[in-house]
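So the protein sequences, as listed, match chains H and G. Numbering of the first sequence is given in the working numbering, commencing with residue 1 and proceeding in unit increments. Numbering of the second sequence is given in the working numbering, commencing with residue 1 and proceeding in unit increments.
What the hints contain is simulated information worked out from the structure, not anything from laboratory work. Here a beta-carbon is modelled for each residue, glycine too, at the ideal position from N, C-alpha and C. Heads up, a few of these hints could be off.
[Stated by the list, open to error] Distance windows between CB atoms, simulated:
#, chain 1, residue 1, chain 2, residue 2, range
1, H, ASN145, G, THR33, 27 to 35 Å
2, G, GLU176, H, LEU37, 46 to 54 Å
3, H, ARG50, G, LEU121, 50 to 58 Å
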Amino acid sequence: MSVAGALLGFAYLRGPAYFQDLNYLKTYVFGRGVVLLLGTMILAAILHARSGGPTFIRRIPGLTAIDETVGRATEMGRPITFSLGIGQLDVLTLQALAVALHVVRLAIRFGTRVILMMRNPTLYAVADEAVNEAYTAAGRPESFNREDVRFLSNQQFAYASAMVGIISRERSASNYMFGQFAAEALIVAEAANQVGAVQVAGTPTTTQIPFFIAACDYTIIGDEYYAATAYLTREPVLSGSLVGQDRAKMLFLATAILGVIAVTVLTLMNATDNAHTIKLFADLFKGAK
Amino acid sequence: MVTFWIAKGPALYAAMASAFVAAVAMLFVVHQTNPQFKRRLTVLLTFLGGLFYFMEFFVPPNPDTKETAILGWSLTSTVKLIGNATQVIGGFTFILGIYNLLNVHGRNVGRRRRDWQYSLLFFLGFAVMALFAFWRDWNVWTRPFGVPEVGLPSWIRDTNAEHRALPHDVYTFLFEGLWRNMEATMFSILAFYIVSAAYRAFRIRSGEAAVLMVVAMILMMGQVPLGMALTNGISVDGPFAILRIENFSQWVLTALNGPEQRAIGFGLGLGLLAMSLRIWLSLERGTYFGGNA
Numbered sequence: 001m002s003v004a005g006a007l008l009g010f011a012y013l014r015g016p017a018y019f020q021d022l023n024y025l026k027t028y029v030f031g032r033g034v035v036l037l038l039g040t041m042i043l044a045a046i047l048h049a050r051s052g053g054p055t056f057i058r059r060i061p062g063l064t065a066i067d068e069t070v071g072r073a074t075e076m077g078r079p080i081t082f083s084l085g086i087g088q089l090d091v092l093t094l095q096a097l098a099v100a101l102h103v104v105r106l107a108i109r110f111g112t113r114v115i116l117m118m119r120n121p122t123l124y125a126v127a128d129e130a131v132n133e134a135y136t137a138a139g140r141p142e143s144f145n146r147e148d149v150r151f152l153s154n155q156q157f158a159y160a161s162a163m164v165g166i167i168s169r170e171r172s173a174s175n176y177m178f179g180q181f182a183a184e185a186l187i188v189a190e191a192a193n194q195v196g197a198v199q200v201a202g203t204p205t206t207t208q209i210p211f212f213i214a215a216c217d218y219t220i221i222g223d224e225y226y227a228a229t230a231y232l233t234r235e236p237v238l239s240g241s242l243v244g245q246d247r248a249k250m251l252f253l254a255t256a257i258l259g260v261i262a263v264t265v266l267t268l269m270n271a272t273d274n275a276h277t278i279k280l281f282a283d284l285f286k287g288a289k
Numbered sequence: 001m002v003t004f005w006i007a008k009g010p011a012l013y014a015a016m017a018s019a020f021v022a023a024v025a026m027l028f029v030v031h032q033t034n035p036q037f038k039r040r041l042t043v044l045l046t047f048l049g050g051l052f053y054f055m056e057f058f059v060p061p062n063p064d065t066k067e068t069a070i071l072g073w074s075l076t077s078t079v080k081l082i083g084n085a086t087q088v089i090g091g092f093t094f095i096l097g098i099y100n101l102l103n104v105h106g107r108n109v110g111r112r113r114r115d116w117q118y119s120l121l122f123f124l125g126f127a128v129m130a131l132f133a134f135w136r137d138w139n140v141w142t143r144p145f146g147v148p149e150v151g152l153p154s155w156i157r158d159t160n161a162e163h164r165a166l167p168h169d170v171y172t173f174l175f176e177g178l179w180r181n182m183e184a185t186m187f188s189i190l191a192f193y194i195v196s197a198a199y200r201a202f203r204i205r206s207g208e209a210a211v212l213m214v215v216a217m218i219l220m221m222g223q224v225p226l227g228m229a230l231t232n233g234i235s236v237d238g239p240f241a242i243l244r245i246e247n248f249s250q251w252v253l254t255a256l257n258g259p260e261q262r263a264i265g266f267g268l269g270l271g272l273l274a275m276s277l278r279i280w281l282s283l284e285r286g287t288y289f290g291g292n293a
């Protein structure tokens, strides 16, 4: 933060003339400053947790159910199906892959089969290698079946129909859906429901959350999705980043409350003067790019 | 757009061959190194790649050109160049995806597993679609190689839709006639699944399900004439206008649902930021490779 402040001061004094324009700073610098502040808060929390600081993570039922659902598949002698959604190889899908690997590592211990399905070929290359390494790390490389990591199609509904087919034919005992989903979400979830699979779904796509809530046994929503690896592993770095996220959320909440108060006061005072201090605060977040 | 060099003619083929040889040599060298070095190299490259995007985002742009630059180096243009390179790398991985499909279905056919006929159908569809797609666009993909059109038989050359040419007709039949309709069929199944999922969700088994049911009823009634007729007696301009079902359902959407969606969005944004930081700084080590989650 101090480096960023020094650079900004240098840009103000010696940089282009537009750095001295208050409107430019408000439009192009303020928003970046906020993101930098949030990032710094998260990093500080990670460092604190790494140095042994205590962290507490509340219970998330959907993630707690993962052990139970893997156990169910083992008892029933039927495979687990795991869909990584329709996303590209990005942060969202990497989070889904992290949960998938946790399920795979658990399933290896019980000798249960996990069929991992994806739409993106780049993701397939990474997932295939990661699952292979999970089997090797568990000392059971011979149990790894390359056919269980499946690239199905890069077309949305071809992918959905292939998933429905696999779930129906294999009669999966537990079905996981993590990642980005669109219209195919409910089609797949209902197909899994018809074969009696216990389902855990997690997505950052808010439009699909109602469908998952309706069709699945456990649904992970909002930032719980990104808390998954921290919750499952209790790794200090990951837990620390959750604490940082929560602190950043507090900052958002405080700003929102202050904003509501500011706008209410302005309305009550009927203030129209643009130079008014409260008006300046209320307008601070407008138009940032 | 940053352009280093545009190759044409023989130079293009020389550049392609050189790039291929250099990539293979680089892969060979990396393959010979020990796992620790590979891990460090991955960490370094991830950090450098992330640093570039970090700079591109955090350095404020020129308000006139909307471009971000450091000491005359346009980061905005370089982002596009890197985007193109990433797409090329992604294109290579597509071959791996196809290999996976051929492998799985090939084994199904070879070992006569249950429903192996469907795998045969996959090969048939794959081959026919590829053949007619390449045939239809043959002049597009052979152009860089300088294949002359003169001298080729007309049944190869003629892909013009107006001439009712074979490759164009077959491709259109496969793509527009079959594939699009099959896709639409899959999508339409959603309508039936919505009903069955809604039936289960609306059974009042808990407090949350009851809230879901009540809110869904309000929203549905707010959309249909029958619902609106129920509250037609309330004056549109009166103090109780909010209680008209269409106004109340709108209020539920904008005053209750909207802020909640935004709150979820804030949480997701922060989660994304934290996850990106962890990946950039390689703090997620052990999650994907070389560890236990």
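Inset, instruction - Mind listing which of the numbered hints don't hold for this structure, in increasing order? - result: The structure breaks none of the hints.
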